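Hey, can you work out the whole structure from these sequences and the hints?
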Amino acid sequence: MSASNDEHMARLEELLAELELGRLDDAGRDELDALLLEMEGADPSFDADAELESVAEAIALTHAALATGGREPEPLPEHLEARLLAQAGRHFGWSGSSDAVTPAPRANAPARVDATRGGPTPLFARLGWIAAAAAALALVYVLGTADASTDANVSFDEFVARVDDEVVVDWTPTADPLGEGVSGKVVWSASAQSGVMRFEGLDVNDPTEHQYQLWIIDATREGENPVDGGVFDCTEDGVIEVPIDAKLPVGAPAAFAITLEKPGGVVVSKQEHLFLLAAVGS
Numbered sequence: 001m002s003a004s005n006d007e008h009m010a011r012l013e014e015l016l017a018e019l020e021l022g023r024l025d026d027a028g029r030d031e032l033d034a035l036l037l038e039m040e041g042a043d044p045s046f047d048a049d050a051e052l053e054s055v056a057e058a059i060a061l062t063h064a065a066l067a068t069g070g071r072e073p074e075p076l077p078e079h080l081e082a083r084l085l086a087q088a089g090r091h092f093g094w095s096g097s098s099d100a101v102t103p104a105p106r107a108n109a110p111a112r113v114d115a116t117r118g119g120p121t122p123l124f125a126r127l128g129w130i131a132a133a134a135a136a137l138a139l140v141y142v143l144g145t146a147d148a149s150t151d152a153n154v155s156f157d158e159f160v161a162r163v164d165d166e167v168v169v170d171w172t173p174t175a176d177p178l179g180e181g182v183s184g185k186v187v188w189s190a191s192a193q194s195g196v197m198r199f200e201g202l203d204v205n206d207p208t209e210h211q212y213q214l215w216i217i218d219a220t221r222e223g224e225n226p227v228d229g230g231v232f233d234c235t236e237d238g239v240i241e242v243p244i245d246a247k248l249p250v251g252a253p254a255a256f257a258i259t260l261e262k263p264g265g266v267v268v269s270k271q272e273h274l275f276l277l278a279a280v281g282s
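Be aware that the sequence shown starts at 1, since it is given in UniProt numbering, and climbs by one per residue.
It should be emphasised that the hints constitute simulated quantities derived from the structure, not laboratory data.
Careful, some of the hints might be misleading.
Label pairs and their computed distance ranges (CB to CB) [said to hold, decoys possible]:
#1 Glu-31 to Gly-238: 31 to 39 angstroms
#2 Thr-235 to Asp-176: 18 to 26 angstroms
#3 Asp-30 to Gly-281: 38 to 46 angstroms
#4 Asp-26 to Ala-161: 36 to 44 angstroms
#5 Arg-162 to Glu-272: 30 to 38 angstroms
#6 Ala-219 to Val-267: 38 to 46 angstroms
#7 Gly-181 to Asp-30: 36 to 44 angstroms
#8 Glu-31 to Gln-271: 32 to 40 angstroms
Calculated lysine to aspartate or glutamate pairs in the EDC-like style (CA-CA distance at most 20 angstroms, straight line) [said to hold, decoys possible]:
#9 Lys-185 to Glu-222
#10 Lys-270 to Asp-33
#11 Lys-185 to Glu-224
#12 Lys-185 to Glu-158
#13 Lys-262 to Asp-245
#14 Lys-185 to Glu-166
#15 Lys-262 to Glu-31
#16 Lys-262 to Asp-33
#17 Lys-262 to Glu-14
#18 Lys-262 to Asp-206
#19 Lys-247 to Asp-233
#20 Lys-270 to Glu-7
#21 Lys-185 to Asp-170
#22 Lys-247 to Asp-26
#23 Lys-185 to Glu-200
#24 Lys-247 to Glu-7
Please read all numbers here as calculations on a predicted model, not as lab measurements.
Positions of the beta carbon are idealized from the N, C-alpha and C atoms, including for glycine.
Set out below in C-alpha cells:
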C-alpha cells in the first residue's frame, strides 16, 4: 500500500470515529466526502478488501482490550446494531440490505454516484460496513468512558486518583535537541480512554509556526500508524499539564511519543522532530 493510501486509511478511521461520536463538523464532513470520492476513484494498487479486513481486525482487538475487569465484551443488543447500520446508511447513502434494517438516504447528502452507475460501487457498499463497525467501536469507546468522571480540566494527580487502571510512564528525551532538559510523565487509563501529560522544561512554541503533537503506539494496531493523541501548545515556562485527546480508541498502549509538527498537526508524522518518548514497561 502506498504512503498516500496509508494516510487516507488512517484519516478515514479518524473521521468515521469522529462522525459516530457526533464531533464531526461541516468541514470534517466535506473532508470525509472528498476522501471517499478520492479513494473510490482509486489507485489501482489500493486493495480495499485487505484494508477493510485490517480495520475489522483492529476494531475486534480494541473491543476485546477495552473489556473491563477481565470480562469478555458483551455483544451489541439487536436494537443498537440496527441503529448503527441505519446510521451507516444515512451517512454514506448506502442502500445495502440487512435483516435488521433498511437504511434510508440521508437528507441533503452530497451525491457520490453519477447517473450512469445506478447505485453505489462495491467499495461504497463495503464502506457502509466500515461505518457500522466504526459506530460499534465508537459505542464501545463511549461506554468505556462513561464512568471515568473526567474532564478536560482535570489535573494529573486528580486523574490518577479517579481511575484504578492507570499506566504512568516517564518521558525520556531522544537525541533531538528539542528534548534537552525536558522531563515529566504521562498517565493513561484504558477504561477511561483518556489521560494527562505533564511536562517540565518544554520550550514555549509559536502555534502559528509549529505545534506539539502526541502519538500513541497501540500494540493492538500492529503494522498501523500510531494513534493521534492531539496537538497542544506550551504557553509558559515551568510545569504544564495537557489532557490527552486520542482520536481513536486505544487497546493497549506500548509507548507515547511527542513530535513537533505544522500548525494543526498531521495525520501521519514524518518524525523529523520526535523528541520525547515514554515506553510502557521500560
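We went through each hint and held it up to the structure:
Range check, Glu-31 to Gly-238: Cβ separation about 37 angstroms, and the 31 to 39 angstroms hint holds. The hinted window of 18 to 26 angstroms between Thr-235 and Asp-176 holds, with their beta carbons roughly 21 angstroms apart. Checked against the hint of 38 to 46 angstroms, the pair Asp-30 and Gly-281 passes, with Cβ atoms roughly 41 angstroms apart. Separated by about 39 angstroms at the C-beta atoms, Asp-26 and Ala-161 satisfy the suggested range of 36 to 44 angstroms.
A C-beta distance of roughly 36 angstroms is found between Arg-162 and Glu-272, which places it inside the suggested range of 30 to 38 angstroms. Taking 38 to 46 angstroms as the suggested C-beta distance range, the pair Ala-219 and Val-267 does not conform, at roughly 21 angstroms. With their beta carbons about 42 angstroms apart, Gly-181 and Asp-30 fall inside the hinted range of 36 to 44 angstroms. Distance hint for Glu-31 and Gln-271: a CB-CB separation of about 24 angstroms, inconsistent with the stated range 32 to 40 angstroms.
With a C-alpha separation of about 25 angstroms, the suggested pairing of Lys-185 with Glu-222 is violated against the 20 angstroms cut-off. A distance of roughly 26 angstroms separates the Cα atoms of Lys-270 and Asp-33; the hinted pair therefore is violated under the 20 angstroms criterion. With a C-alpha separation of about 25 angstroms, the suggested pairing of Lys-185 with Glu-224 is violated against the 20 angstroms cut-off. Straight-line distance between C-alpha atoms of Lys-185 and Glu-158 comes to about 14 angstroms, which keeps the hinted pair within the 20 angstroms bound.
A distance of roughly 18 angstroms separates the Cα atoms of Lys-262 and Asp-245; the hinted pair therefore holds under the 20 angstroms criterion. About 12 angstroms separates the Cα atoms of Lys-185 and Glu-166, which keeps this hinted pair within 20 angstroms; it holds. For the hint pairing Lys-262 with Glu-31, the CA-to-CA distance comes to about 19 angstroms; that is within 20 angstroms, so the pair holds. Distance check on the hinted pair: Lys-262 and Asp-33 sit about 24 angstroms apart at the alpha-carbon level, beyond 20 angstroms; violated.
The straight-line distance between the Cα atoms of Lys-262 and Glu-14 is roughly 19 angstroms, inside the 20 angstroms bound, and the hint therefore holds. Between Lys-262 and Asp-206 the CA atoms are separated by roughly 10 angstroms; this keeps the pair inside 20 angstroms, and the hint holds. With a C-alpha separation of about 18 angstroms, the suggested pair Lys-247 and Asp-233 falls inside the 20 angstroms cut-off, and the hint holds. Taking the CA atoms of Lys-270 and Glu-7, the gap is near 11 angstroms; set against the 20 angstroms cutoff, the hint holds.
Taken as a hint, the Lys-185 and Asp-170 pair is honoured in the structure, with Cα atoms around 4 angstroms apart against an allowance of 20 angstroms. A C-alpha spacing of about 18 angstroms is found between Lys-247 and Asp-26, which places the hinted pair at or below 20 angstroms, so the restraint holds. Simply put, Lys-185 and Glu-200 have alpha-carbon atoms about 9 angstroms apart, close enough for the 20 angstroms limit, and the pair holds. Between Lys-247 and Glu-7 the CA atoms are separated by roughly 14 angstroms; this keeps the pair inside 20 angstroms, and the hint holds.
In terms of the numbered hints stated before, the structure departs from hints 6, 8, 9, 10, 11, 16, listed from lowest to highest.
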